[in-house]
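Listed below, chain by chain, are the residues.
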Amino acid sequence: MKKILVVAAGDAKHMQKNIRCTLTAAKQLGREIDLLLVGSSAKPWAEKMACFSGVTRVLVNPHACYDSLAENISQLVASLACDYEFIVAPANNISKDFLPRVAAQINVNQISDVVRIIDAHTFVRPIYAGNALATVVTKDPIKLLTIRFSAFAESSADSDPVPIVILDQIFADNRVRVLQQTASDVTRPTLNNARVVVSGGRALQSAAQFEQIIFPLAEKLNAAVGASRVAVDAKYVANECQVGQTGKVVAPELYFAIGISGAPQHLAGIKDSKVIVAINQDPDAPIVSSADYALIGDLFELVPELTKQLEKESKK
Amino acid sequence: MIAMKILVPVKRVIDPYVKIRLSVNNNAIETEQVKMAMNPFDEIALEEAVRLKERGVATEIIVVSIGVTRCQETLRQALALGADRGILIESEQNFAPLAIAKLLHAVAQKQTVQLVLMGKQAIDDDCNQTGQMLAALLNWPQVTFVSQLSIANGTLTAERECDIGTQTLCCDLPAVVTADLCLNTPRFAKLPDIMRAKNKPLEVLTAESFALDLSSAMTQACIELTTMQRCSQMVQNVAELVDKLRADQLI
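Same order as they appear, the protein sequences are chains A and B.
Just so you know, the numbering used here puts the end of the first sequence at 316, numbered straight through with nothing missing.
Just so you know, the numbering used here puts the end of the second sequence at 251, numbered straight through with nothing missing.
Isolated chain A (complex conformation):
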């Protein structure tokens, strides 16, 4: 029986949770799994990832040409494709970039953002900003999937280590080059793996007030900071903070939507959160009916009060 190739591209350190959730999904396909790590950050993590549950072999190609460019990663993956029945990757930016390129190179479809695996041919994925779920059936000889990792639990990381194979093919396209890469603030948990997310919206009114109101609460809860599209468009916070179907899809245990009305595309990006708290002036805002707890009132009073209360308690 042909196997599954799970591709882990991008900064290995930041990718651990995504890969473990992707492996949980891959295991449901019931085939042996090769985990391919690429890029210069891969090698130091290979041994750790060789203990991830479900993996039968780890393949490592540590060449720096695979650090981020889709042109190169796709060539490498396409060159390995004929040994596999499935090629699976987490639905993060880097996989969204390279996997469709692989699909076209080997002339098969891709199924994006899989949230449920029914059987080896049948997959469920969100469409229309998560307002609907489509069940898709594919007969492609090689099936390419990206996995919405928030929809799957993390597989364990304590299995017996499996063999590690070092690969050395180099596909380097010199038509495209990375000039600069700026990592965002790493002192905070990221939106993808935070236990708590505190998001602000239009009602914050300015970048200064966003910082003054949202950040202290996030700090207190060791939470990631998120924002609605309106808040990002108005430049209250950086673009990478945007939560929603077109931004980042999050699934924390606790999500605060502060001064966010709850546009469908925002709701689509938070619907897998365990508990949603809305703090809003308007009791009729869509976010209120989509929340578990709603606190109605002036956020400029309520949020600092909440932060203060949490501080007081932690001192007790």
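In short, the hints are calculated from the structure, not lab data.
Cβ atoms here follow ideal geometry from the backbone N, Cα and C, with glycine treated the same way.
Each hint should be verified, as a subset may be incorrect.
[Stated by the list, open to error] Label pairs and their in silico Cβ distance ranges:
id, chain 1, residue 1, chain 2, residue 2, range
1, A, S53, B, Q249, 20 to 28 angstroms
2, B, S232, A, D298, 18 to 26 angstroms
3, A, A153, B, T226, 19 to 27 angstroms
4, A, K235, B, D15, 23 to 31 angstroms
5, B, L250, A, E85, 40 to 48 angstroms
6, A, M1, B, D84, 49 to 57 angstroms
7, B, T155, A, F300, 42 to 50 angstroms
8, B, S23, A, I164, 47 to 55 angstroms
9, B, A221, A, P304, 49 to 57 angstroms
10, B, S150, A, A64, 20 to 28 angstroms
11, A, C82, B, S232, 50 to 58 angstroms
12, A, S156, B, Q148, 40 to 48 angstroms
13, A, A208, B, Q249, 31 to 39 angstroms
14, A, K235, B, D243, 32 to 40 angstroms
On the provided structure of chain A, position chain B as indicated by the hints.
Then chain B, alone, in the frame of chain A:
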């Protein structure tokens, strides 16, 4: 100036502010008698192309749409927004991204464009695949999810979000670029532009005339609508909220 043609594919989708509903036979989203619009990401890509032309970087903007006859309305809108001419590849079929990429590949080659600027995804099927697939078929480099773009001397420089922060890339033309939301804010078409757009060239072709294998091994079995509704307990004050969250062991 060296001639530089830009191809901008535009998709006709359900207006993003319309609440979707299932069709009568329950296996598709209803599009009959529903307000339609240009895919917002494509609108941003088009705006960027128009700005490149206004800055004297591009010489011609060709818009292409694939779908039913009424996609001509979307193309006319694109022409009103600043595109020079339109191509409709008419078909009743709902093509998968790979088939769309194959058709766009043929158009990009025939029109000898140096740049394809398109939305990073369509807001109906949310696939986020077509641009990357097209780049692969053309064997061109791709710069996806772009939030800032400049072009000089046959090279483009672009900024984009990556998983750990932001990235600045430079890339030789020809290339495929896909637009993220924050790339720009599209303009509205003015009435004289809408009038003028009626006289701009719009070529209608059929998908069959391309003689490509557009079949797909993928089918949609069923669709269900999701709900975002939750129990929505009202809490009266901050103290009550803190109590609830503590009871749930969340803080």
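Notebook entry, point to check: Does the hinted range 31 to 39 angstroms hold for A208 of chain A and Q249 of chain B at CB?
Noted result: Check passed, 34 angstroms falls within 31 to 39 angstroms.
Check: Is it true that the C-beta distance of M1 of chain A to D84 of chain B lies inside 49 to 57 angstroms, as the hint says?
Finding: Because 54 angstroms falls inside the window, the suggested range holds.
Notebook entry, point to check: Cβ-Cβ distance between S23 of chain B and I164 of chain A: within 47 to 55 angstroms?
Noted result: For I164 of chain A against S23 of chain B, whose Cβ atoms are near 51 angstroms apart, the range 47 to 55 angstroms holds.
Margin query: Given a hint of 50 to 58 angstroms, does the C-beta separation of C82 of chain A and S232 of chain B actually sit inside it?
Written below: This hint holds: roughly 52 angstroms between Cβ atoms.
Check: Is it true that the C-beta distance of T155 of chain B to F300 of chain A lies inside 42 to 50 angstroms, as the hint says?
Finding: holds, 48 angstroms
Checklist line | 20 to 28 angstroms as the expected CB spacing between A64 of chain A and S150 of chain B, which holds or is violated | finding: Because 26 angstroms falls inside the window, the suggested range holds.
Note to self: Assuming the hint says 18 to 26 angstroms, is it satisfied by the Cβ distance from S232 of chain B to D298 of chain A or not?
What the structure shows: holds, 20 angstroms
Notebook entry, point to check: Does the Cβ distance between K235 of chain A and D15 of chain B fall inside 23 to 31 angstroms?
Noted result: holds, 26 angstroms
Note to self: A range of 20 to 28 angstroms was offered for this pair. Does it hold for the Cβ distance of S53 of chain A and Q249 of chain B?
What the structure shows: holds, 26 angstroms
Next item on the list: With respect to the beta-carbon atoms only, verify the hint that K235 of chain A and D243 of chain B lie 32 to 40 angstroms apart.
Entry: holds, 36 angstroms
Item checked: Satisfaction of the hinted span 49 to 57 angstroms by the C-beta atoms belonging to A221 of chain B and P304 of chain A -> Given a distance of about 50 angstroms, which is inside 49 to 57 angstroms, the answer is holds.
Note to self: Please check whether A153 of chain A and T226 of chain B have a Cβ separation lying inside 19 to 27 angstroms.
What the structure shows: Holds, since A153 of chain A and T226 of chain B (Cβ atoms, about 20 angstroms apart) stay within the stated range.
Violated hints: none; the structure is consistent with every hint.
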